[in-house]
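Q: Single-letter residue listing:
There are 2 protein chains.
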Amino acid sequence: MSPFVPGISVRIEGRGDGPLAGLTFAAKDLFDVAGQPTGGGNPDWARQNPVPTRNAWAVQALLDAGATLIGKTITDEVSLGILGENAFEGTPLNPAAPGHVPGGSSSGSASAVAQGLCDTALGTDTGGSVRVPASFCGLYGIRPTHGRLNLEGMLPQAPTSDTAGWFARDAATFARVSKTLLSEAIPDTLPTRLIIATDAFGFAEPATAAALEPLLRRLMRLIPDTTHELMAPSGLSVWGRAQRVLQPIEAWNTFREWVERDNPRFAFSVAKSLALGSMSSEADRGWAELMRREARGRMRYLLPPGTILAIPTTPFPAPKAGLPLPALTPLRDQILCLCAQGGLAGHPQVSIPGASVEGHPVGLSLIAARGADALLIRTALALEHTA
Amino acid sequence: MSPFVPGISVRIEGRGDGPLAGLTFAAKDLFDVAGQPTGGGNPDWARQNPVPTRNAWAVQALLDAGATLIGKTITDEVSLGILGENAFEGTPLNPAAPGHVPGGSSSGSASAVAQGLCDTALGTDTGGSVRVPASFCGLYGIRPTHGRLNLEGMLPQAPTSDTAGWFARDAATFARVSKTLLSEAIPDTLPTRLIIATDAFGFAEPATAAALEPLLRRLMRLIPDTTHELMAPSGLSVWGRAQRVLQPIEAWNTFREWVERDNPRFAFSVAKSLALGSMSSEADRGWAELMRREARGRMRYLLPPGTILAIPTTPFPAPKAGLPLPALTPLRDQILCLCAQGGLAGHPQVSIPGASVEGHPVGLSLIAARGADALLIRTALALEHTA
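Chains A and B, in that order, give the protein sequences. My numbering numbers the first residue of the first sequence as 2 and each following residue consecutively. My numbering numbers the first residue of the second sequence as 2 and each following residue consecutively.
Read the hints as simulated data drawn from the structure, not as lab findings. Even glycine gets a Cβ: it sits at the ideal position worked out from N, Cα and C. A portion of the hints provided could be inaccurate.
[Unchecked claim] List time: in silico SDA-like cross-link candidates among lysine to any residue, alpha-carbon distance up to 25 Å: (1) Lys321(A) / Lys321(B); (2) Lys321(A) / Asn50(B); (3) Lys321(B) / Gln49(A).
[Said to hold, decoys possible] Facing chain B, from chain A, some residues (calculated, C-beta under 8 Å): (4) Trp58; (5) Ala62; (6) Arg219; (7) Val260; (8) Arg262; (9) Asn264; (10) Phe267; (11) Ala268; (12) Phe269; (13) Ala272; (14) Pro327; (15) Pro331; (16) Gln335.
[As the list claims (entries may be wrong)] Examples of chain A residues toward chain B, derived with CB under 7 Å: (17) Ile250; (18) Asn254; (19) Arg257; (20) Glu261; (21) Pro265; (22) Lys273; (23) Ala276; (24) Ala322.
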């Protein structure tokens, strides 16, 4: 299945001789491209807004740096989904694991890059939407520090967790694109300290944790000062639950006016998630906000400048496509246990490819202090060179 | 907007010289017609089942009696809806109130009859799906005694409340069709006693209650032994709530396997209703079942053979089409307060046209003892003759 939005065909040449000259990119259909409707993966969304007359900030930044836009990519409906199955537009191919999901919600962007249809692609990550498809498709993917990038022209979902990220097949291209979008040079120095999150590796399926071992050993050779610690002493599942309370509340807040006015069409699972957001209690919300505060404190404590934390990006490789909801729901919840820290605490995270379970990719994630996005890119480059 | 299902064209001539020879009819897209997919108003339902090779019992009964099938009609998705707005197939025209909803879920059947496109049409009624469109479109409509008709080949929703009903523009046609589908002659004698439900008339909008007065006075001339009583001493809203708990639980039970396997597309309001059914507590269900038991006892007490009960079919005429959900939800809940007795207690009910508020129809409903469906048809005939 094509990763591009059905019925949308767009190509915009990059500007001359910028640092990204010669590269091609695609944009998730949550980013505005002037003259094209922003569909958001749902058949009733585009009608809500006039066709944008300006490019989203991230799209324009890549064009200005010389990259050429070659298409808009399929997303889970209004970015509510982590597996990449869209009931209206289809499930983009995961070329690294055919018959398995690509991961979502930035499904088409990951698929397009993994298939070699473009060099990089823009995604968004609220609860894991860049990190998960990067892991499942075997790509480099970044969720930048929350609040760092200009999100103008990007369809929001849960603003306190929303970020814009991107994918690449190799570390060099990943670094080139990151330098442009982070507006920062990639530093020469590596992290001085590595923490391996014992709870996160323990939570992953044993085969996945074992598959990540060689990558982890290479990382430990680069950063000899290594310790093992809990990431979430109160429980990965507790952090996951907090994110699963807060994100649908904010998503409902974002989409409520539209949903109430137009009663739009959704896949059942997407509508149910929004309905749950609309019905959350004040008590649940209050608890989840306290837990977010705790998670932020813990991540800040673990990650002073110069330190990075390693976790499996996902607890397992891509599940089969087309599984029934009772099989998918626990998988989605397990993925969220590892991803929730991103949405809760907002630290930058890079997923690195290079491991696989029975031929299907799984990513190793590195997390740093807020603002230390470029340090993670540096580490990814160094790790590729040690391969 | 056409009342017929987009893309489905069907015509089956009735058999020779039966009692319905010369009549045309349409069938709600919840009834099987051999060789046509049964769509159920949802784009993902038809794929669940092979194209039926037999006609539903009610379709075959009308064909055998000589009526000619001329089309399949739009329904609210899997009959979950009371207003007649289908996000996928459109909102059938209410010719009696253009720009207003036709009522649902048997929206297309009511619309087709009201437009004169056929003489009668099959609908289904679980929580009001024949009665409400009959009221809004100015038609005769019947919800027969629960359990009386053979529902083979009809897509179920909530089996303890599901019935098959039908519409007509005039009492004579209504009686002809009813005689065939009830397999019973229409009696010569009228009811001996009339109860006017004071709570139900009090619950209706004053303009609607006033509009029904002339019909009610004609009815009182036909049945001089008239008393005024409460229908639901524990509260119309309490009965409404019981039905609003039980029906989604049963609907979830009916559709769960499909929803969990295929994650189908729905309008938000439909998905939310199913999601609520999936999350109901045992305590809610237990309470609602007790209340159903009370409602059954009350209706049995009120309606010995020979007695009929009069209520407004709906508390108001058809709302405007395209209202936002926060405006629609309370209207739907108010309608349910008057309709819930049907789903809870299963007595036969006929909605009679002839009243209007500012030109928009509202129906007068007559309810009888279980099994006394034909007595209601007799009353409708007599009432038309007194006009």
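Q: Take the hints in turn and mark each one as holding or not.
A: Now the hints, each set against the structure:
Between Lys321(A) and Lys321(B) the CA atoms are separated by roughly 45 Å; this puts the pair beyond 25 Å, and the hint is violated. Distance restraint check for Lys321(A) and Asn50(B): the Cα-Cα separation of roughly 24 Å lies within the 25 Å cut-off, and the hinted pair is therefore satisfied. Straight-line distance between C-alpha atoms of Lys321(B) and Gln49(A) comes to about 21 Å, which keeps the hinted pair within the 25 Å bound. Among the interface hints, the one on Trp58(A) is violated; its C-beta lies about 30 Å from the nearest C-beta in chain B, farther than the 8 Å criterion.
Interface restraint check for Ala62(A): the shortest CB-CB distance to chain B comes to about 35 Å, outside 8 Å, so the restraint is violated. Taken as an interface hint, Arg219(A) does not check out: its beta carbon lies about 40 Å from the nearest beta carbon of chain B, beyond 8 Å. Taking 8 Å as the C-beta contact cut-off toward chain B, the hint placing Val260(A) at the interface holds, the least distance being around 5 Å. Against a cut-off of 8 Å between C-beta atoms, the interface hint on Arg262(A) holds, since the closest Cβ of chain B lies about 4 Å away.
A least Cβ separation of about 5 Å between Asn264(A) and chain B falls short of the 8 Å threshold, and the interface hint therefore holds. At about 6 Å, the closest approach between the beta carbon of Phe267(A) and any beta carbon in chain B falls short of 8 Å, and the interface hint on this residue holds. Interface hint status for Ala268(A): upheld, as the beta-carbon distance to the closest one in chain B is roughly 5 Å, under 8 Å. Against a cut-off of 8 Å between C-beta atoms, the interface hint on Phe269(A) holds, since the closest Cβ of chain B lies about 5 Å away.
A least Cβ separation of about 3 Å between Ala272(A) and chain B falls short of the 8 Å threshold, and the interface hint therefore holds. For the restraint placing Pro327(A) at the interface with chain B, the shortest Cβ-Cβ distance is roughly 5 Å, inside the 8 Å limit, so the hint holds. Because the smallest distance between the Cβ of Pro331(A) and any Cβ of chain B comes to about 13 Å, over 8 Å, the interface hint for this residue is violated. Interface hint at Gln335(A): violated, since its Cβ lies 18 Å from the closest Cβ of chain B, which is beyond the 8 Å cut-off.
At its closest, the beta carbon of Ile250(A) sits 16 Å from a beta carbon of chain B; the interface hint therefore is violated under the 7 Å criterion. Proximity of Asn254(A) to chain B is violated relative to the hint, the smallest CB-CB distance being about 15 Å (cut-off 7 Å). Checking Arg257(A) against chain B: minimum C-beta separation of about 9 Å lies over 7 Å; hint violated. For Glu261(A), the interface hint holds, the least distance from its beta-carbon to any beta-carbon of chain B being 4 Å, beneath 7 Å.
Because the closest C-beta pair between Pro265(A) and chain B is about 6 Å apart, less than 7 Å, the hint holds. Proximity of Lys273(A) to chain B holds as hinted, the smallest CB-CB distance being about 4 Å (cut-off 7 Å). Because the smallest distance between the Cβ of Ala276(A) and any Cβ of chain B comes to about 4 Å, under 7 Å, the interface hint for this residue holds. Violation of the interface hint for Ala322(A) is found here, the shortest Cβ-Cβ separation to chain B being roughly 12 Å, above the 7 Å cut-off.
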